[in-house]
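**Student:** Below are the chains, spelled out letter by letter.
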Amino acid sequence: MKNALEVSHLTKDYGSFKLDDVSFTIPGGTIMGLIGENGAGKSTTIKCILNLIRRDGGAITVFGRDNLREERAVKEEIGVVLDEVLFHDMLRPRQVGKILSGLYPSWDGALFEHYLKQFGLTGKQVVREFSRGMKMKLSIAAAFAARPRLLILDEATSGLDPVVRDEILDELLAFIRDEDHAVLISSHITSDLEKAADYITYLHKGKVAVWGAKDELLDTYGKVVCGRGDLEKVDRKLLVGSRVGQFGCEALVKDRRALAKAHPHLAVEPATLEDIMVFTGKGDAQ
Amino acid sequence: MRGLIYKDLAVLKKQMSTLLMFLVVYGGFCVAGVFDFSILGALVAVFGLTVPMSSVAMDDSAHWDRYAVATPAGRRGVVAGKYLFTLLVIGVSTLAAALGMAALSLAGLTEEGVADLMAIAVSCGVTVVLLDAILLPFLLKYGAEKARLISMITFVVIFGGAILLGGGLSSGAPLPTVPEWVLTALPVLLVILAAGGYGVSYAVAQGIYARKEF
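Chains A and B, in that order, give the protein sequences. Per the numbering used here, the very first residue in the first sequence carries number 1; after that it's consecutive. Per the numbering used here, the very first residue in the second sequence carries number 1; after that it's consecutive.
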């Protein structure tokens, strides 16, 4: 399977924040979820891929092409949905389509119309009159109509209601049915990624804290709820992070089977992506 | 590129309609004898300077450039689009002013000849190209809000200088004599200066934009 995106040793130093040696790949026909707390480097990573900012080190290839040396060819393969809608307020969706048809060589006007109809955006309203959900749908329709092979969504689903988010996730799943297509989606809403993503990259303080196949991660990691005394007996190497409360403790373990074997009396639940994110952050703080 | 030009036209449709109204109203004043026909040439400057500035202001407020740079147009395309759009605006407004003045001259509403009026329109157009060559790199670097101040300073320096020069000439101040050939070649020199200046400005703007982070 050919890789749609390869990010290797990506570095960007802002002084106060550094994206440090970030590497991951997205195989064709898959969705990669990029998670992390605010300021972890998700948007910086996406900006580097789109050459919106200059990287200080590393390499990025899209379908085998360098994103800087072959920028135009690379961008013809990418559909973009950024965290805010950047179309001018006074434009109508069809005008947006007309503008983008002059920018993307593979622009599919019929597909854009199809999505406008599907998303209920065919009226005479201008962008200013759209809700956030409608604006995001317009951006998504535009990204699909560019006929990309790689779709990049930066916090595109944040602030949207669950129904709209579900609709968008369905579209993404339909998009990657073609093995030549791939999606990179950054989001805070880990439940969405649990539903749709095949791979997860968790960025923490500018570094890759966790990377891997989502099913594997969810299968390996576990959450243990126990008393303080029991937690103290657990080998620290197994623990990623913990939360100690007045009435008990919660901890994330990297290998839930190993923990179950070593401490059969402890109940280990499967961990969610949110658990992995929250406890890894906590572990780092501890 | 086509998309970027269409975007500017679609976004500035209202403003351009208003400016067109100005052209009609001032044309009416000229017919009524309130203003000289050469005022239509000044409108070329108004069009050529305000429309590109408004276009950058609109893009700034929508943060459009962040999106445009992520498309296949890229940084180079965004700059090229803005320079091409500016030339189009100047070209069309110069043509409109020239045609308007010629029509009114042919109708016998002014004593000035068609050739003279055409020369006024074209020299206004060429001067605006030169002014935009100064203004556009600042617009693309600092955005419309900050560049507005720079454009005002440019105006004051250029027009203030012209007024001072005119005052000096009329008061008989000992100014250096300009060789005859320079005066004869002035229109060609102005065109070369404007074209060269616009080219240099384009290269500078590309350099500025290549370093910009979005």
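Just so you know, the hints here were simulated from the structure itself, not pulled from any lab data. Wrong hints could be hidden among the right ones.
Stated by the list, open to error - For the chain A half of the interface with chain B, some residues (derived, Cβ under 7 Å), not all of them: (1) 53; (2) 71; (3) 76; (4) 80; (5) 94; (6) 99; (7) 102; (8) 106; (9) 238; (10) 239.
Claimed, not checked - Computed beta-carbon distance windows for the label pairs: (11) B/14 - A/120: 25 to 35 Å; (12) A/23 - B/212: 25 to 35 Å; (13) B/87 - A/106: 25 to 35 Å; (14) B/165 - A/122: 56 to 66 Å; (15) B/155 - A/166: 48 to 58 Å; (16) A/108 - B/164: 57 to 67 Å; (17) A/233 - B/212: 52 to 62 Å; (18) A/120 - B/106: 52 to 62 Å; (19) B/24 - A/159: 39 to 49 Å; (20) A/191 - B/155: 35 to 45 Å; (21) B/164 - A/73: 52 to 62 Å.
Note that the structure is predicted; figures quoted are calculated from it, not measured. Backbone N, C-alpha and C define an ideal beta-carbon position, used for all residues, glycine too.
**Student:** Taking the hints in turn, state whether each one holds.
**Tutor:** Tested hints:
1. A cut of 7 Å between beta carbons decides the hint on residue 53 of chain A: the least distance to chain B is about 4 Å, and the hint holds.
2. A distance limit of 7 Å between C-beta atoms decides the matter here; for residue 71 of chain A the minimum to chain B is near 6 Å, and the interface restraint holds.
3. At its closest, the beta carbon of residue 76 of chain A sits 5 Å from a beta carbon of chain B; the interface hint therefore holds under the 7 Å criterion.
4. Checking residue 80 of chain A against chain B by beta carbon gives a least distance of about 5 Å; that is within 7 Å, so the hint holds.
5. For residue 94 of chain A, the suggested interface contact is broken, since its CB lies about 10 Å from the closest CB of chain B, more than 7 Å.
6. About 4 Å separates the beta-carbon of residue 99 of chain A from the nearest beta-carbon of chain B, less than 7 Å, and the hint is met.
7. Nearest Cβ of chain B to the Cβ of residue 102 of chain A: about 3 Å, under the 7 Å cut. The hint holds.
8. Checking residue 106 of chain A against chain B by beta carbon gives a least distance of about 9 Å; that is not within 7 Å, so the hint is violated.
9. Of the supplied interface hints, the one on residue 238 of chain A is violated, with its beta-carbon coming no nearer than about 42 Å to a beta-carbon of chain B, more than 7 Å.
10. The closest approach between the C-beta of residue 239 of chain A and any C-beta of chain B is roughly 39 Å, which is over the 7 Å cut-off, so the hint fails.
11. Evaluation of the 25 to 35 Å hint for residue 14 of chain B and residue 120 of chain A yields a pass: the beta carbon distance comes to about 27 Å.
12. Here the CB-CB span from residue 23 of chain A to residue 212 of chain B is close to 27 Å, well matched to the stated 25 to 35 Å.
13. For the pair residue 87 of chain B and residue 106 of chain A, the supplied restraint of 25 to 35 Å holds, since their beta-carbon distance comes to about 29 Å.
14. A C-beta distance of roughly 60 Å is found between residue 165 of chain B and residue 122 of chain A, which places it inside the suggested range of 56 to 66 Å.
15. A beta carbon spacing of about 56 Å between residue 155 of chain B and residue 166 of chain A agrees with the range 48 to 58 Å that was offered as a hint.
16. Distance hint for residue 108 of chain A and residue 164 of chain B: a CB-CB separation of about 59 Å, consistent with the stated range 57 to 67 Å.
17. A hinted range of 52 to 62 Å holds for the C-beta pair residue 233 of chain A and residue 212 of chain B, which are about 56 Å apart.
18. Remark: the range hint 52 to 62 Å for residue 120 of chain A to residue 106 of chain B is upheld by a beta-carbon distance near 55 Å.
19. Residue 24 of chain B and residue 159 of chain A have their C-beta atoms about 46 Å apart, which keeps the hinted 39 to 49 Å range intact.
20. Distance hint check: the CB atoms of residue 191 of chain A and residue 155 of chain B are about 57 Å apart, inconsistent with the given range 35 to 45 Å.
21. Separated by about 54 Å at the C-beta atoms, residue 164 of chain B and residue 73 of chain A satisfy the suggested range of 52 to 62 Å.
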